[in-house]
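Asker: Single-letter residue listing:
Protein chains: 4
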Amino acid sequence: MNHDSNNTQSQKLTGAEIAKHNSRESCWVVIHGRAYDVTEFLPEHPGGPKIILKYAGKDATEEYEPIHPPDTLDKYLDKSKHLGEVDMKTVEKEVKEEDPEEKERQERIKRMPILEQCYNLMDFEAVAKNVMKKTAWAYYSSGADDEITMRENHSAFHKIWFRPRILQDVEHIDLSTTMLGTKVDIPFYVTATALGKLGNPEGEVILTRGARRHNVIQMIPTLASCSFDEIIDAAEPGQVQWLQLYVNKNRDITKRIVQHAERRGCKGLFITVDAPQLGRREKDMRSKFSDVGSSVQSTSGEDVDRSQGAARAISSFIDPSLSWKDIPWFLGITKMPIILKGVQRVEDVLRAVEVGVHGVVLSNHGGRQLDFARSGVEVLAEVMPALRERGWEKKIEIYVDGGVRRATDIIKALCLGAKGVGIGRPFLYAMSAYGLPGVDRAMNLLKQEMEMNMRLIGCANVEELNPTLVDTRGLSMHNTTVPADTLGLGVYDPLAGPKEKAKL
Amino acid sequence: MNHDSNNTQSQKLTGAEIAKHNSRESCWVVIHGRAYDVTEFLPEHPGGPKIILKYAGKDATEEYEPIHPPDTLDKYLDKSKHLGEVDMKTVEKEVKEEDPEEKERQERIKRMPILEQCYNLMDFEAVAKNVMKKTAWAYYSSGADDEITMRENHSAFHKIWFRPRILQDVEHIDLSTTMLGTKVDIPFYVTATALGKLGNPEGEVILTRGARRHNVIQMIPTLASCSFDEIIDAAEPGQVQWLQLYVNKNRDITKRIVQHAERRGCKGLFITVDAPQLGRREKDMRSKFSDVGSSVQSTSGEDVDRSQGAARAISSFIDPSLSWKDIPWFLGITKMPIILKGVQRVEDVLRAVEVGVHGVVLSNHGGRQLDFARSGVEVLAEVMPALRERGWEKKIEIYVDGGVRRATDIIKALCLGAKGVGIGRPFLYAMSAYGLPGVDRAMNLLKQEMEMNMRLIGCANVEELNPTLVDTRGLSMHNTTVPADTLGLGVYDPLAGPKEKAKL
Amino acid sequence: MNHDSNNTQSQKLTGAEIAKHNSRESCWVVIHGRAYDVTEFLPEHPGGPKIILKYAGKDATEEYEPIHPPDTLDKYLDKSKHLGEVDMKTVEKEVKEEDPEEKERQERIKRMPILEQCYNLMDFEAVAKNVMKKTAWAYYSSGADDEITMRENHSAFHKIWFRPRILQDVEHIDLSTTMLGTKVDIPFYVTATALGKLGNPEGEVILTRGARRHNVIQMIPTLASCSFDEIIDAAEPGQVQWLQLYVNKNRDITKRIVQHAERRGCKGLFITVDAPQLGRREKDMRSKFSDVGSSVQSTSGEDVDRSQGAARAISSFIDPSLSWKDIPWFLGITKMPIILKGVQRVEDVLRAVEVGVHGVVLSNHGGRQLDFARSGVEVLAEVMPALRERGWEKKIEIYVDGGVRRATDIIKALCLGAKGVGIGRPFLYAMSAYGLPGVDRAMNLLKQEMEMNMRLIGCANVEELNPTLVDTRGLSMHNTTVPADTLGLGVYDPLAGPKEKAKL
Amino acid sequence: MNHDSNNTQSQKLTGAEIAKHNSRESCWVVIHGRAYDVTEFLPEHPGGPKIILKYAGKDATEEYEPIHPPDTLDKYLDKSKHLGEVDMKTVEKEVKEEDPEEKERQERIKRMPILEQCYNLMDFEAVAKNVMKKTAWAYYSSGADDEITMRENHSAFHKIWFRPRILQDVEHIDLSTTMLGTKVDIPFYVTATALGKLGNPEGEVILTRGARRHNVIQMIPTLASCSFDEIIDAAEPGQVQWLQLYVNKNRDITKRIVQHAERRGCKGLFITVDAPQLGRREKDMRSKFSDVGSSVQSTSGEDVDRSQGAARAISSFIDPSLSWKDIPWFLGITKMPIILKGVQRVEDVLRAVEVGVHGVVLSNHGGRQLDFARSGVEVLAEVMPALRERGWEKKIEIYVDGGVRRATDIIKALCLGAKGVGIGRPFLYAMSAYGLPGVDRAMNLLKQEMEMNMRLIGCANVEELNPTLVDTRGLSMHNTTVPADTLGLGVYDPLAGPKEKAKL
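Protein chains in written order, with the UniProt record's numbering: chain F, 1 to 504; chain D, 1 to 504; chain E, 1 to 504; chain V, 1 to 504.
Derived by calculation from the structure, the hints in this document are not laboratory data.
These numbers come from a predicted model, not from an experiment.
There could be a bad hint or two in this list.
No copy is singled out in the list; a pair is fine if it fits within one copy or between any two copies.
Each computed BS3-like pair below joins lysine-lysine, with the alpha-carbon atoms no more than 27 Å apart [as the list claims (entries may be wrong)]:
id, residue 1, residue 2
1, K249, K447
2, K447, K283
3, K58, K103
4, K58, K133
So here's chain F without its partners, still in its complex pose (with noise of 0.2 Å):
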């Protein structure tokens, strides 16, 4: 059978006709109605082939869907490959097996909270768990190694206690700031988070609305589940936006990148410099393992499994080779503020002065990229009198992210020396629990505990946020406790309280 261009395409395609190209010598995948022959990209397939030939011969739209931003296909695949449209009755339906665990998910989500029933940040992060689907789950909320760096991140907010002050006129409380010139109403940034869709079918669009809302700015993920231009197209008039940036090996999709972004009036560009490579996370991992097919036990000690969870499915377009000369080439491409996104020692933030940068935002990847990489609040906490003994502090914008849960912790990464600091995850779950209006209800819950808490500390606008309002003495103790012997463990009574009367 000739295929013609689909543009011109005569008769549909049939379920069975694509059913024969279900090998690796010949593989067609169905996606959004349409026919796609994919035989000669697998092996470019960023996720590996092996996903793909799952769906050889079949309709792969529910599971390509949230991982693809929708100009993917145009982008990657090229024309000669598009089979056309495809007559969907004659698709073969998938039977799903009965899965006892997506049951017991939709019977979660009946008895799901109502939204008022959140009262904080973690109250979203409490509700999503239960209510998105498994591998969501594990892609959101899993982190590198042993996660002791993902944890650690919300931990050591804890290590920080303040010093509020007291008898401060605080009636009139104004959170406003700026950041890199825009002005915003509170001083947090939806930072750049991949894959939406897996959370909301709609995507990081919801969050541009949320934003909006709020007047914060987003930033807007290279790995989106929304295309770039959907997530600007999104945005109201004069909403601000910045760009989240891995850099490809191919430099001119790169400055390509940069510039249409430019163009399309983002106001920020925010290199990642913490992700040569991205991270393995187990738990993700875990969650995509599948038995079937693998009741065998393997011999060869080689991995038979390639897929290896959403994250390494993503991870082909990153320059591991990108260094500090490549710096210039940038602020030679774009008029945009330059900002170096995940930043992790006091030297280079100095070092990111010397080239002429614009702002460093001091991260560890949300904990998902090295472990035992240390809180992005604590190393503003070694970062800030450095730059003030030279005298750079004006020099440059510190932002921090990672671990950021409650109003206090912006605060106290603000007393620090932050101009902002970004928040991920916590969106994303208000958004895959209750879509806009959780990502709503999040921001306003932000903004009320930062007004009271403003006036708890004592100070009635951020500028009067300072170093002597906070007690960091905690903030370097990294220590395990000694494990308990058998004593503490098995034989000391617990002690006790009252005893009830006996029932007479």
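Given chain F, put chains D, E and V in place with the hints provided.
Answerer: Positioned in the frame of chain F, the structure of chains D, E and V alone reads:
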């Protein structure tokens, strides 16, 4: 129908009549057998209109009672809105659904430990948790945000250890001291806590009687369930009381309150400075939440439930613009010693000395306001050296509250330089569980503990307590532990003890 | 009826007769088959009258036995109150209700691990907890207040780590040392602990025999269940014992006790200085509590139950006015070396040197007196440098007790400069669970452990132990961790391991 | 019956004949189908006579096999005691009682995760725990005393955090380094661990093959289950191995072993210096305990069971008098580089340099010897500055072992100055659970992890690793937390999340 003034009412109102006024447009409620038109008052109600509307056209007494002092309606609702007596026989009794939680609580009350089974202040807390209404427990026991400061208040005492002296003649122990010139039998006072009737129908007057028995001072809260005069009247001649003050935006009201208190014999004015806005306490908010009418998912992201627990309902009387420049005015309107309650850093203690107040309470409001505020006793350990360095330690009396549960806690605070400590929740719990006998026993236990521990530390009276008797090196460590990895959590064998013989 | 003196009694008393004297007005009790009139003694009873009245007109032997040395009645009850023999056949046996707890205990005793299954001192503790009577376990195992010092005593050793030497010739290990001039085989002694018969009907003489087998010294407690002379008589010729002394207000009694001990061959006088009043131990108090007769709620707040556990029952023999100025008197009445037991800070050790005593025990009474007293070994680490600085380290012998469970604990104390360590509870538990074989095995295990660990630390004898062999940097950290928030407690996934294959 | 020498045996021995020799007086056993007279050997058996007597007159092969290298009988039992072949058909098979634990284990083996489900080294440990024989698991996994050092070894790495560099060209990662002159592909070696056949019937040769595949060095243990020559023979040409040596009291034997190893091509001699006596490992001892015959309570306090687990059974070959003065002798008998394995403090490293050895392993024997020995990596952080201060850091190679589970652990050790790390248990567990494929995958995982983490820390090869890349401030904190009181344990509400809707 024409309503006479309530003094000349010819005929009682009927339930049917009142039931008609059940909307925002016309809202009547019955309280203690009398009807009130609160339609115009709705938007002014500190607790929000919603909670009133729930009782529109109905008897609201049970909900109203524990939260409002008896003189509230006279003070805040114009006489013209007092509609007069109601024929309560005609008011339909709401048939309450049987509440399984309440039933369980009644069962727990039956099996409640006898009072003699309470051996320390924590025991009252454990009992109260079991026998109090859930909402009352939530109001008393809740803290700000993650309740980290609330717990830290108690934990901080655990970081202070003793360096006891031996071979001192400790046959006769004298626990007495003076506070603001008043001789007391033991160096604690009953600090101000709101809404005493939530725990016991008689309210704060029980604490008045308990304080009398042990010759300690009671601080009268602005937000008591009993009226100020009721609490004053409950004192015996010569019994000393202090006033805790939330400063109203209307300084005339404030002045009236202060001067009234002075006239009625109060011996100290404690101005709360750590609460320009009342804290969010999520446990309290969660406890108020009701499913009724909210089973439909909200889609707006707006708060539909504004009642937000007892804490938020009482917060509108506080002036957030109160500042240092108001202090001279206070010094001018009263001869009572003035103490700032809620000071949280050295700098502000020094300033308090400079502005000429007579004392400060190092306090974080029982962990109910700013989470990650440090404990009062930790601040104390910084404050006293700074005062001594300037020779100012006699210029001001330093008090501490928060987390005191043991006589050793009191001793620690006094060793570090406090004049006395405030104790709040423990007496509330004792009162809630056992009434006056509970409060009496709680104070007795503290006295017994303190007498013994004074002996054991080698001091016959409180003047002998001094900093060499404590080791505070652990006090500044604000650290969390590193989260364990799978080895520790899942793989290492727990340590085992000897194995029992096999059953024969 | 006329009662003859007990030596010339013509006829035995009957149960019926005795049963008449069952009130505060006339109170007789039977002990070991003889009747006593304790009416007048009631108010003087150290344990309070209530516990005696429980047995008024009845046989009190079982309750009396483990708490009182055999010579108690002769010493403290006037001969005229000794009513003579009782015809025990006529005394009604109290039919005890079957106690389900006791039944379970008997079951546990049947399944008790054989002695060889105890591989360390903690094992005896675990077994004893299961097989001892609840009240006996409560008395031995309880500590003051929140039992924080009690647990800290053991934990403190966990903060000390080794810096072992390698390549030392450790073929022959010599564990012997001298204590107050006596050569012992291993550097621990059996410290004084009260009420041995609670654990074993033979009481403290079992420890005497165990100490003999291993050539270590036993310290005889003032409050032993066996009489002092019984314990002395149980020793073999040449076996060295010490006396622990609670100082009686009546110095004549004290002098008699001390000089009697010296005459009977005691080689050291350990004056307890950390117990001017015996501690409150709440577990002990709770264990004594009985529901009988107390189901009606008390309304007075007064203690209705004054029995307050075994600890409080034995506390009236101690002079709280004992002070430094009494020490010369002690030095004058005996030639035995005098050691202050319970010293808890450097200043007091220096003063002890100055007043000329021969030693101190750094101790907090096993955590049974002042909670938050620091561990003896922590104090030791401060004391020795202060002594060495003054060149006084040979002027006095320093002992430590509290929390020793492992030979490594002993080695740590000796490295830091202790002459030896006292061990109490572990031998009580070994004795309670297994009698003399238990004590013997416990000492054997310590010896085996110590020999091995001396090799591993690279020292052939105790003289080689020195401070460079330990790392004590963790010793001063008295910190509690920050309480976790909901993220840590409820939301973060626990780390997972590999998933088992689905069952086929 | 007259027994010929085993070479000229005319007739096979029968089971009946052998069964007669079942006592201490005459004790024969069958091993691998041949009979041996071990009557005279009984008292010399390193594992004690009891374990042999259990098999007197019977086939002991199953018990004997994993603990003894195949050349044991030839080496240690005089040829005259080799009684010759047995007609195994005549030997009664012991009908083993069905062991419910073993049955459960077999079930667990059936459901064992497939190899690809192991994503890190801890996973092998978790699987091995489930599928290994209890006694084998106990031998491998046990540590000294309270296993505090054993756990600390791993925890210590958790106290070291990274200070990663960004924007380094890390496209090409080179993990190779040299150890004692040998080029290896990744900086770890397989350290010596005893009794490999407990985990896998093939024993240590599996590790030989695994090491070959990844071009890393294997250290051959003195106490291997395979014979030294078997392990050497299993290596491929050019594959490098080292020898771990327990020094025998008989130096001729030691010399023979060392020179044989050198002749066979060993490239390093690792003299164990942390084990003058093999440690007590209570888990191991408990696992060996058998109820049989011990249901009667022992009354003597003596050890009736002397078998004491696998560890104690192999300990008699070690000379506890080995000392520094023996080192020159070793330097004289071999040209292999000499490394002291088990050095634990700075002073001894300096001395090692002075006596002229070529390296040290900072190690505490996997936590199996002295409990509270510090981790190797903690000692390393003290050692390197002391060496650098003297300019000695090139004079000696420093290795570390203990607790390494992640590539980040390896990187941390190298940053601090180690030349390489030894890994023991993880490979044993991989081998025990999955054989060679397990070992292979374990090494693969480490390589993948290390490559990624080198990128993330910003280093392209191991030479770039340096101390500025780590934050070790937490390393010296040896602290335990204060035990919680009843408030924390029993009274405070746990923090709650949002409430699910009531079921409708």
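Asker: Take the hints in turn and mark each one as holding or not.
Answerer: Outcome of the hint check:
Taking identical chains as interchangeable, the C-alpha atoms of K249 and K447 lie at most 27 Å apart only when they sit on different chains, with a minimum of 24 Å there against 41 Å within one chain. In this assembly of identical chains, the alpha carbons of K447 and K283 lie at most 27 Å apart only when taken from different copies (19 Å versus 33 Å within one copy). Proximity of K58 to K103 under the C-alpha cut-off of 27 Å is restricted to the intra-copy arrangement: shortest distance 25 Å within a copy versus 44 Å between copies. Taking the shortest Cα distances, K58 and K133 sit within 27 Å of each other inside one copy (22 Å), while across copies they are farther apart (47 Å).
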